[in-house]
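With chain U fixed as given, assemble chain A onto it according to the hints.
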Amino acid sequence: MLATAVNEIVSTKLNPNVVPHLHIWEWHIPLYLFLGGIAGGLLVITSIMIVLKRKFGIGPRDQGDGCPCLAVRIGSILSPTLLGIGMLFLFLDLAHPLYVWAFYTTIQPTSPMSAGSWILLAFFPLAILQAMLVNKRQLRSFNIEPVNKVIDWTENHMTIVALVNAHIGVGIGIYTGILLSFFSARPLWSSSILGMLFLVSGISAAAALMLLLAPKDEKPVYSMIDANAIWIEIMTVGLFVLGGLTGSANTHGAMMHLVTGDVNLAGMSYMFWFWGIFVGAGLVVPLLLEFLEAAGVHIKFPNVAPVMVLLGGLVLRFLIVFAGQTYHTFM
Amino acid sequence: MSNKKNYGMVIDTRVCVGCSACVYACKQENHVPEGYCRDWVVQETGGEYPKLTMENRSERCQHCENAPCVTYCPTRASHYAEDGTVQINRSLCTGCKACMAACPYDARYVHPEGYVDKCSLCKHRIEQGLETACVSICPTGSLHLVDFNNMDQKTKTLLSGKVVYRQKEHAGTEPGLQWISASNKHGA
Numbered sequence: 353m354l355a356t357a358v359n360e361i362v363s364t365k366l367n368p369n370v371v372p373h374l375h376i377w378e379w380h381i382p383l384y385l386f387l388g389g390i391a392g393g394l395l396v397i398t399s400i401m402i403v404l405k406r407k408f409g410i411g412p413r414d415q416g417d418g419c420p421c422l423a424v425r426i427g428s429i430l431s432p433t434l435l436g437i438g439m440l441f442l443f444l445d446l447a448h449p450l451y452v453w454a455f456y457t458t459i460q461p462t463s464p465m466s467a468g469s470w471i472l473l474a475f476f477p478l479a480i481l482q483a484m485l486v487n488k489r490q491l492r493s494f495n496i497e498p499v500n501k502v503i504d505w506t507e508n509h510m511t512i513v514a515l516v517n518a519h520i521g522v523g524i525g526i527y528t529g530i531l532l533s534f535f536s537a538r539p540l541w542s543s544s545i546l547g548m549l550f551l552v553s554g555i556s557a558a559a560a561l562m563l564l565l566a567p568k569d570e571k572p573v574y575s576m577i578d579a580n581a582i583w584i585e586i587m588t589v590g591l592f593v594l595g596g597l598t599g600s601a602n603t604h605g606a607m608m609h610l611v612t613g614d615v616n617l618a619g620m621s622y623m624f625w626f627w628g629i630f631v632g633a634g635l636v637v638p639l640l641l642e643f644l645e646a647a648g649v650h651i652k653f654p655n656v657a658p659v660m661v662l663l664g665g666l667v668l669r670f671l672i673v674f675a676g677q678t679y680h681t682f683m
Numbered sequence: 086m087s088n089k090k091n092y093g094m095v096i097d098t099r100v101c102v103g104c105s106a107c108v109y110a111c112k113q114e115n116h117v118p119e120g121y122c123r124d125w126v127v128q129e130t131g132g133e134y135p136k137l138t139m140e141n142r143s144e145r146c147q148h149c150e151n152a153p154c155v156t157y158c159p160t161r162a163s164h165y166a167e168d169g170t171v172q173i174n175r176s177l178c179t180g181c182k183a184c185m186a187a188c189p190y191d192a193r194y195v196h197p198e199g200y201v202d203k204c205s206l207c208k209h210r211i212e213q214g215l216e217t218a219c220v221s222i223c224p225t226g227s228l229h230l231v232d233f234n235n236m237d238q239k240t241k242t243l244l245s246g247k248v249v250y251r252q253k254e255h256a257g258t259e260p261g262l263q264w265i266s267a268s269n270k271h272g273a
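Those sequence lines, one after another, are chains U and A.
Quick note: the first sequence uses the numbering used here, first residue 353, plus one each step.
Quick note: the second sequence uses the numbering used here, first residue 86, plus one each step.
Simulated from the structure, these hints should not be mistaken for lab results.
Watch out, some of these pointers could steer you wrong.
25 Å max Cα-Cα, derived BS3-like pairs, lysine-lysine [as the list claims (entries may be wrong)]:
#, chain 1, residue 1, chain 2, residue 2
1, A, Lys241, A, Lys208
2, A, Lys90, A, Lys239
3, A, Lys241, A, Lys90
4, A, Lys239, A, Lys136
5, A, Lys241, U, Lys365
6, U, Lys365, A, Lys208
7, A, Lys253, A, Lys241
8, A, Lys90, A, Lys253
9, U, Lys365, A, Lys112
Okay, chain U solo, but in the shape it has when bound (with noise of 0.2 Å):
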């Protein structure tokens, strides 16, 4: 028999945050990545469904007085209602909540963390002037004096509100994935496409989120968007995935533990996770039930494929918090 040669290491280190892997974030911070990107593609959504109707006509039909249909009203208020819920766990996860105002002392370009801060600073207003706007025929009801005022200055100015919040959306959705993606130290986070693969993750959980609260008349164009950016997140997972696969040992090896990994999530492996319930129930059998739908086949239960949908969001989050944090750090 051939002699093995070995390299083995032994540590006293004790840290539990790093070891036996890192340790740092757990159920909070996908969560917030997942409402994130939900916010950030909800923001899109509204915002291009308000200028596309304002400006060329196209859309479900306006429910007058210039509020737009009913799905637009109710993904504008529920936009920077999630942001605020994630941005809740966000900060759960501090070690030390109470010094969050520290985040604002400073800013620091090179930190995504601090531009973060800052970007989720810059939402709200124009996120909730928005939502205003949207339901100013609900809000004028109430009478209330500086209300009234807000919407009486700035209700000229939607569309323009519209198109800059389209861009913030598209901000706070790539954010969720540079957020990760940053940390070179972290092989399967360490990939730029991470941005992109959050922000239609996001716009596609939106998409189907509109879908499961819209009225039947305005169902059909939430799903023509969801079919479309799931087809994009798949060939962004693909990419993903790729470019993994073919980078340095580091890289190749991360995306192996995460697509072929038998760590344990909640029972079952990180493999069967990724292909089962993230790309073939939260990707391919939805975007085949839209499909279908689409082309006329009666489907007997149709919140299933948008209910499939935000828990394949969900899940991917989960799945690329946890797998980037259980294996090793950088070689």
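Positioned in the frame of chain U, the structure of chain A alone reads:
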């Protein structure tokens, strides 16, 4: 002679016996809580029996010149000190843990009191003209506190002609710790 200090360490693994005195000296000096450590001892065994080699070494924060923890810290809590070390300002640390994800050496931990902690190269002792706790206790003289901007003759002799390495240099971090490899021949 440069007025600007650039502290780091030279660690002679040829004489390290892996006793962990450095670890416990540090824990007491810096009040490191139970179950955590700022420095640790690694034993690396390689080769093929009967030609096996072994290296013991004491590891800690590398006080990088291009430190990813400082780059990614959103609040300036992690920062470069005047003396070339990397320090953490506890009153700015939110515990977001970005620095921990960024560190290729996994040198940090979350202190139970809610801030991220790591080796400070005993800055408080250096300021008093003392050596670090780990250096002061090392029974075999493996650990050396060095100002790389003003290297003394003793350190130059120690490094001269030896195989000296730095860890994960390809990460672009410019680490401030140098190891004299145990692979150096006797009398080198």
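Hints and how they fare:
no., hint, verdict
1, A:Lys241 to A:Lys208, "holds (23 Å)"
2, A:Lys90 to A:Lys239, "holds (18 Å)"
3, A:Lys241 to A:Lys90, "holds (17 Å)"
4, A:Lys239 to A:Lys136, "violated (33 Å)"
5, A:Lys241 to U:Lys365, "violated (30 Å)"
6, U:Lys365 to A:Lys208, "holds (22 Å)"
7, A:Lys253 to A:Lys241, "holds (23 Å)"
8, A:Lys90 to A:Lys253, "holds (23 Å)"
9, U:Lys365 to A:Lys112, "holds (12 Å)"
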